[in-house]
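Line order of the protein sequences matches chains A and B. Just so we're aligned: 82 in my numbering is position 78 of the first sequence, and the numbers increase by one with no gaps anywhere. Just so we're aligned: 62 in my numbering is position 57 of the second sequence, and the numbers increase by one with no gaps anywhere.
Derived by calculation from the structure, the hints in this document are not laboratory data. For each residue, glycine too, the CB sits at the ideal point set by N, CA and C. Among these hints, one or two may not hold up.
Below, computed lysine-lysine pairings styled on DSS-like, alpha-carbon distance capped at 30 Å [what the hints assert, rightly or not]:
(1) B:K119 - B:K89
(2) B:K74 - A:K16
(3) B:K89 - A:K17
DEER-style ranges, computed between Cβ atoms [unchecked claim]:
(4) A:L8 - B:V51: 47 to 53 Å
(5) B:Q66 - A:L171: 52 to 58 Å
(6) B:R61 - A:L41: 49 to 55 Å
Stretch-level coverage of chain A by chain B, calculated; a stretch enters the list once three of its residues show a Cβ under 8 Å from a Cβ in chain B [what the hints assert, rightly or not]:
(7) 42-50
(8) 215-224
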Amino acid sequence: MNWLAGAWAVFKKDLRLELRSRYALSTLLLFVLAVTLVVLFGIGDAPLTGEVETTLLWVVVLFAAALGLGRAFVYEEEQGTVLLLRLHTRPSMVYAGKLLFNTLLVGALTLVTAGAFWLMLGLEVGAPGLLLAVLALGALGLAGATTLLGALLARAGTGGGALLTVLLFPLLTPLLVSVVSASQKALAGVAFAAAREELLTLVGFAGVTITASVLLFDYVWEE
Amino acid sequence: MNLKTVVGLVFIAGFSGLLFMNFGQQVSGYMSFAEAEETGQTAHVVGTWAEQEPMRYNRAQNVFTFHMKDKKGNVRRVRYSSPKPTNFEQAEKLVVEGRATGGGAFEAKNILVKCPSKYNDAKGLARKEERAGG
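All chains, please: the whole structure from these sequences, using the hints.
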């Protein structure tokens with residue numbers, strides 16, 4: 005089995021499982037809807053500035069991601085399919101497949117959240133292209149950081165939930181600061197050049213976490 | 006060390022350089038007036054007092070207006086809804102925090118006045134005395 009086909013097979017397996025059980029999808033969707041409703045009713049007609057809206061948006065995405073992303077590997081442990089995966093694929097294929105799946109999941113999540121805010125809270129976006137770029141890069145960085153930690157978490161067994169929070173949140177600080185600042189700029193409707201520092205920070209963050217994960221994943225995955 | 010590790014380490018070094026350089030710039034957050042006008046958000050602008058332009062304090066409205074020159078040499082009128090900060094004339098550097106309101110004006114919420122040290126900076130002291138005298 006060549007590398008790409010292997011990674012694609014892992015991704016397709018995860019996608020098919022998710023579409024059957026809809027565990028992550030339904031949890032995340034309900035979470036996003038519940039939070040948006042709380043914000044909608046809590047704030048009422050009070051004017052929301054772009055700063056507050058983007059902060060709320062990323063708080064929702066962060067917590068939803070922390071809720072859903074740890075699942076990718078815990079699921080394999082629970083079903084006892086880890087050994088099978090280890091036998092049939094190389095570690096990097098598993099990592100690539102899971103990363104692709106998690107990126108898709110967080111990407112969908114950020115889009116749904118932004119959509120819900122747009123519909124219910126009247127989010128005004130000055131530069132939609134910039135916002136989409138920020139959401140995509142943010143999703144990639146978030147997925148890159150959580151995929152390796154998800155594998156660690158699954159190996160830690162019970163009590164791993166606290167481990168994810170402890171490890172994830174300090175790691176994500178540069179990502180979150182840049183992503184919030186860049187989204188604020190996108191709402192204000194600036195050109196791409198004005199948000200250059202934030203975008204480059206996001207590219208750097210995704211690059212570092214994904215490269216480090218590729219190097220470290222072998223040790224996490226194999227006994 | 007095999008090839009994968011070496012390539013990986015090079016990638017990590019490159020990407021973390023990109024990350025830290027841009028993140029540092031973004032967090033320090035000092036902008037010029039032009040950049041502050043472009044983003045339209047709360048910004049910190051560093052500069053010096055443009056002495057040749059008019060400066061006044063409106064006691065009835067409690068508004069202090071002066072002109073500031075940023076690092077790129079652009080001069081903007083700054084409005085500050087408080088009395089003139091102490092040691093304003095002696096400042097060798099000003100940091101105004103606020104947002105650009107258009108029409109070449111900047112609405113400051115806060116002004117930081119950086120004065121030369123009294124104790125060990127002989128050059129700064131001389132400049133301060135010269136200004137106080139004139």
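Now the hints, each set against the structure:
no. : hint                       : result
1   : B:K119 - B:K89             : holds (14 Å)
2   : B:K74 - A:K16              : violated (59 Å)
3   : B:K89 - A:K17              : violated (67 Å)
4   : A:L8 - B:V51: 47 to 53 Å   : holds (51 Å)
5   : B:Q66 - A:L171: 52 to 58 Å : holds (53 Å)
6   : B:R61 - A:L41: 49 to 55 Å  : holds (51 Å)
7   : 42-50                      : violated (count 0)
8   : 215-224                    : holds (count 4)
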